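Undergrad: If you want the building blocks of each chain, they are given just below.
There are 2 protein chains.
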Amino acid sequence: MSGEDAPAQQQNAVDQKQETKPAEEPKAEPPKTESAEAAATPAATTEKAPEEETFTYRALVLTGYGGYDKVKLQVKKGKPALKAGEVLVRVKVCGLNFADLMARQGLYDRLPSPPVTPGMECSGVVEAVGEEVTDRKVGDKVMVLNRFGLWQEVAVVPASHTFLIPDGMSFEEAAALPVNYITAYLMLFDFGNLRPNQSVLVHAAAGGVGIAATQLCKTVKDVTVFGTASASKHEAISQGGVTHAIDYRTKDYVEEVRKISPKGLDIILDPLGGSDTHKAYNLLKPMGKLITYGAANMLAGQRKNLIAVAKNWYHQFSIHTLSLIQGNKSVCGFHLGYLDGEMELITEAMNTILDLYKQGKVKPRIDSTWHLEQVGDAMRKMQERNNIGKVILTTEPMPEEEKKEEAKKEDKKEDKKKEDKKKDDKKKDDGKKEEKKDDKKKEEPKKEEKKEEPKKEEEKNEEAKKEEK
Amino acid sequence: MSGEDAPAQQQNAVDQKQETKPAEEPKAEPPKTESAEAAATPAATTEKAPEEETFTYRALVLTGYGGYDKVKLQVKKGKPALKAGEVLVRVKVCGLNFADLMARQGLYDRLPSPPVTPGMECSGVVEAVGEEVTDRKVGDKVMVLNRFGLWQEVAVVPASHTFLIPDGMSFEEAAALPVNYITAYLMLFDFGNLRPNQSVLVHAAAGGVGIAATQLCKTVKDVTVFGTASASKHEAISQGGVTHAIDYRTKDYVEEVRKISPKGLDIILDPLGGSDTHKAYNLLKPMGKLITYGAANMLAGQRKNLIAVAKNWYHQFSIHTLSLIQGNKSVCGFHLGYLDGEMELITEAMNTILDLYKQGKVKPRIDSTWHLEQVGDAMRKMQERNNIGKVILTTEPMPEEEKKEEAKKEDKKEDKKKEDKKKDDKKKDDGKKEEKKDDKKKEEPKKEEKKEEPKKEEEKNEEAKKEEK
Numbered sequence: 001m002s003g004e005d006a007p008a009q010q011q012n013a014v015d016q017k018q019e020t021k022p023a024e025e026p027k028a029e030p031p032k033t034e035s036a037e038a039a040a041t042p043a044a045t046t047e048k049a050p051e052e053e054t055f056t057y058r059a060l061v062l063t064g065y066g067g068y069d070k071v072k073l074q075v076k077k078g079k080p081a082l083k084a085g086e087v088l089v090r091v092k093v094c095g096l097n098f099a100d101l102m103a104r105q106g107l108y109d110r111l112p113s114p115p116v117t118p119g120m121e122c123s124g125v126v127e128a129v130g131e132e133v134t135d136r137k138v139g140d141k142v143m144v145l146n147r148f149g150l151w152q153e154v155a156v157v158p159a160s161h162t163f164l165i166p167d168g169m170s171f172e173e174a175a176a177l178p179v180n181y182i183t184a185y186l187m188l189f190d191f192g193n194l195r196p197n198q199s200v201l202v203h204a205a206a207g208g209v210g211i212a213a214t215q216l217c218k219t220v221k222d223v224t225v226f227g228t229a230s231a232s233k234h235e236a237i238s239q240g241g242v243t244h245a246i247d248y249r250t251k252d253y254v255e256e257v258r259k260i261s262p263k264g265l266d267i268i269l270d271p272l273g274g275s276d277t278h279k280a281y282n283l284l285k286p287m288g289k290l291i292t293y294g295a296a297n298m299l300a301g302q303r304k305n306l307i308a309v310a311k312n313w314y315h316q317f318s319i320h321t322l323s324l325i326q327g328n329k330s331v332c333g334f335h336l337g338y339l340d341g342e343m344e345l346i347t348e349a350m351n352t353i354l355d356l357y358k359q360g361k362v363k364p365r366i367d368s369t370w371h372l373e374q375v376g377d378a379m380r381k382m383q384e385r386n387n388i389g390k391v392i393l394t395t396e397p398m399p400e401e402e403k404k405e406e407a408k409k410e411d412k413k414e415d416k417k418k419e420d421k422k423k424d425d426k427k428k429d430d431g432k433k434e435e436k437k438d439d440k441k442k443e444e445p446k447k448e449e450k451k452e453e454p455k456k457e458e459e460k461n462e463e464a465k466k467e468e469k
Numbered sequence: 001m002s003g004e005d006a007p008a009q010q011q012n013a014v015d016q017k018q019e020t021k022p023a024e025e026p027k028a029e030p031p032k033t034e035s036a037e038a039a040a041t042p043a044a045t046t047e048k049a050p051e052e053e054t055f056t057y058r059a060l061v062l063t064g065y066g067g068y069d070k071v072k073l074q075v076k077k078g079k080p081a082l083k084a085g086e087v088l089v090r091v092k093v094c095g096l097n098f099a100d101l102m103a104r105q106g107l108y109d110r111l112p113s114p115p116v117t118p119g120m121e122c123s124g125v126v127e128a129v130g131e132e133v134t135d136r137k138v139g140d141k142v143m144v145l146n147r148f149g150l151w152q153e154v155a156v157v158p159a160s161h162t163f164l165i166p167d168g169m170s171f172e173e174a175a176a177l178p179v180n181y182i183t184a185y186l187m188l189f190d191f192g193n194l195r196p197n198q199s200v201l202v203h204a205a206a207g208g209v210g211i212a213a214t215q216l217c218k219t220v221k222d223v224t225v226f227g228t229a230s231a232s233k234h235e236a237i238s239q240g241g242v243t244h245a246i247d248y249r250t251k252d253y254v255e256e257v258r259k260i261s262p263k264g265l266d267i268i269l270d271p272l273g274g275s276d277t278h279k280a281y282n283l284l285k286p287m288g289k290l291i292t293y294g295a296a297n298m299l300a301g302q303r304k305n306l307i308a309v310a311k312n313w314y315h316q317f318s319i320h321t322l323s324l325i326q327g328n329k330s331v332c333g334f335h336l337g338y339l340d341g342e343m344e345l346i347t348e349a350m351n352t353i354l355d356l357y358k359q360g361k362v363k364p365r366i367d368s369t370w371h372l373e374q375v376g377d378a379m380r381k382m383q384e385r386n387n388i389g390k391v392i393l394t395t396e397p398m399p400e401e402e403k404k405e406e407a408k409k410e411d412k413k414e415d416k417k418k419e420d421k422k423k424d425d426k427k428k429d430d431g432k433k434e435e436k437k438d439d440k441k442k443e444e445p446k447k448e449e450k451k452e453e454p455k456k457e458e459e460k461n462e463e464a465k466k467e468e469k
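So the sequence lines, in the order shown, correspond to chains A and B. So that you can map any letter, position 279 of the first sequence is 279 in UniProt numbering, and since no number is skipped, the others follow by simple counting. So that you can map any letter, position 216 of the second sequence is 216 in UniProt numbering, and since no number is skipped, the others follow by simple counting.
The hints are simulated quantities; they were obtained by calculation from the structure and are not laboratory data. Just so it is clear, the structure is predicted and the values come from calculations on it, not from any experiment. We put the beta carbon where it would ideally sit given N, CA and C, even for glycine. Be a bit skeptical, because a hint or two may be false.
Some chain B residues close to chain A (C-beta under 8 Å, calculated; not the full set) [claimed, not checked]: (1) Asp190; (2) Gly273; (3) Met287; (4) Tyr293; (5) Leu306; (6) Val309; (7) Leu324; (8) Ile325; (9) Gln326; (10) Asn328; (11) Phe334; (12) His335; (13) Tyr338.
Throw the hints in and build the complete structure from the sequences for me.
TA: Written out as structure tokens, the structure is:
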């Protein structure tokens, strides 16, 4: 994910035209029927002009830090140039990650300053290859991992950041896999050194990384998985392999774990940060490994919540070596976004994961698929923890009738914005009032009155299958 | 090593008689010819009286915190009673460890307050077994691992803390193996997750753990070992498997490593603490593991050096999770002395190590063997880093002529004490003057004018072989 240059250069090289009403425009969309084969013909990098000028594509752009509405759909003009070693990918599906939510609030320093296109992973078809690219060809179906810049219809990335999609894997699955599975894999098997008979605590077990981690745990003999999630998700995570589902909203997860495993746990994956990292450390067995990989507790409300951020800093876990020595413990930090230049390691992990996929041992679970126009709602669903599995975006154009629906909803969206504002203010108040309570509890999402319907899962899979033919 | 009870109870149960001149007394020594078979006959635990009273054995006792002379040889009376699950071991050879040196200065909280017998490992022969012991029998040759209490001729320990000595392993090797090899093994393969093609930094590569770690690294394909040691030891450590020997006294080891491995290292074993832990952290690659297992920098001089201790505390490494996350790094603490109650894990590691020994892949290297009377000099050799490999003690009685030699040296010892005092004072001064310099450099031992000759290695091995017959 050292592909900093590519998308940044794209940002500067092409004209940017901001749409005020995201759902309206997409005029110059590539024809829906465009297939990998069709795209192959005009894709030579040496071709110049008129296409360079007439080529347009839609891109999501973070225009500034703030709420869900800061990510806008824009149309860009001009075909991005390819440098040696790069490929141009026609993007089909994009994955959403927690880092994207942090980035929108200005809490993720791996994303350049706005305006910038977010997006760390996607699936699509190679439409052009640059010089010196020998292992990818036009028409290859690939999944892509990049530091940012993948939430758009066309992306230029180093070929080394692409992975061939195996037979039988849909574009949806392919977009849902890279970040979550590589993250879970490296945490469990590199830092965690997971072995048979061990015990693992997976927070947010119904989230993307949570589901991936649970599936990967089950590839090792007799591993006990403790998974936290709200009660409504327990059936799903138990079916997914969680041995002991814990409702962190109504119960003290530390107590629940101790009841079953009094000596503590071998591995704890901690995406929360703050006071939960302290709890995790105390819950480790001798030779136990705590792997912290985020600070989700910092995210309270859709805009940066300074109290939550400050509290997270204040409670940030800090450890002395003497304590580690006397406890025989390990504390690790992981974030795929900072693993720049470690593509060899990442590729090795990816190959193992794809082998497990082919053996039927892991399979991304899709929560919902959204159009680019709906990115705000997609982010909301994830941030409010209403998802079970991965939230993804499709680049497929929104049908006309849906667009009209969206337009009608614009008014309602305005209402929702006010509602969000109120919620945020309330959260801030809560923050002030409940400073001594755990961060996590505060994030309990309020039930929403109305929600855009995401594209139906079955429908999408059908289309994906057609496309693969 | 949960055997707290056994030695402690021993301490209280038997009479203690302190010798003022260590070399003089040992009257009631067990006959030199006593073999495992001979010992087997009178060993039934049910026997009572007169033996209980006439039974005596020599034991090293830490009488207070301080210099080398605080460990005294005493004669104890009364046969220790055996509880269920325990065995009585007639000790042949004891291993010295860094923790013993720390303990003497009052810097190791796993040793009860003086008077107490130190010693975490030994080899010997089972002389009696308590009830419920099914897997050990009288005459078994064993190595023992315990929290303390093994520097004596007779030790009572839980049977689970003993491991059968494999064929062909001498008592010397057996006493040198447990602490160093289990420590190195768990650090490299549990926390470190060492894999082919990785790079490892081993500090004090000529020390007991250093040599064990180097040998264990070489059991994995294409592992590069960076080893620090003073120049005079480079030939030995290179032959032992160190790829790049670095003289930390004349060169900046960080620079030396960077020259060869600009991206840094996969695993760093850190026995030093203080500022060296900071250096190690910065020298890690992404996904790198720093395993800290001591604070040797605290040991400056033979008595507790408050400046060195304070400096070590002041420079003690402390890490925030955010730094770990952004660096994709792992910081682990290890100390076998705190792994109480994890005998299953330890036994598993030991079995693997013994398999490697049988395959000829690991073999403890003995630096020197000393009589119990010489424990002060043995500790000095280790603390002043003059050893290559393990420093061990034999319980074999000192020949009469050697005793006379020792007695003559007593006067010289008095001189040496003054010399030591001067050294310590000088160190304190140095400490004040050079507070900004690295801790380690200060420990550079002055060349000594005279030294007792330890028992010759070859001679000892010959005897060991005879004994095994």
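Undergrad: Does each hint hold? Answer for all of them.
TA: Status of each hint after checking the structure:
{"no.": "1", "hint": "Asp190", "in the structure": "holds (6 Å)"}
{"no.": "2", "hint": "Gly273", "in the structure": "holds (7 Å)"}
{"no.": "3", "hint": "Met287", "in the structure": "holds (6 Å)"}
{"no.": "4", "hint": "Tyr293", "in the structure": "holds (7 Å)"}
{"no.": "5", "hint": "Leu306", "in the structure": "violated (17 Å)"}
{"no.": "6", "hint": "Val309", "in the structure": "violated (12 Å)"}
{"no.": "7", "hint": "Leu324", "in the structure": "holds (3 Å)"}
{"no.": "8", "hint": "Ile325", "in the structure": "holds (4 Å)"}
{"no.": "9", "hint": "Gln326", "in the structure": "holds (5 Å)"}
{"no.": "10", "hint": "Asn328", "in the structure": "holds (6 Å)"}
{"no.": "11", "hint": "Phe334", "in the structure": "holds (6 Å)"}
{"no.": "12", "hint": "His335", "in the structure": "holds (5 Å)"}
{"no.": "13", "hint": "Tyr338", "in the structure": "holds (5 Å)"}
Hint check: violations occur at hints 5 and 6; the rest are consistent with the structure.
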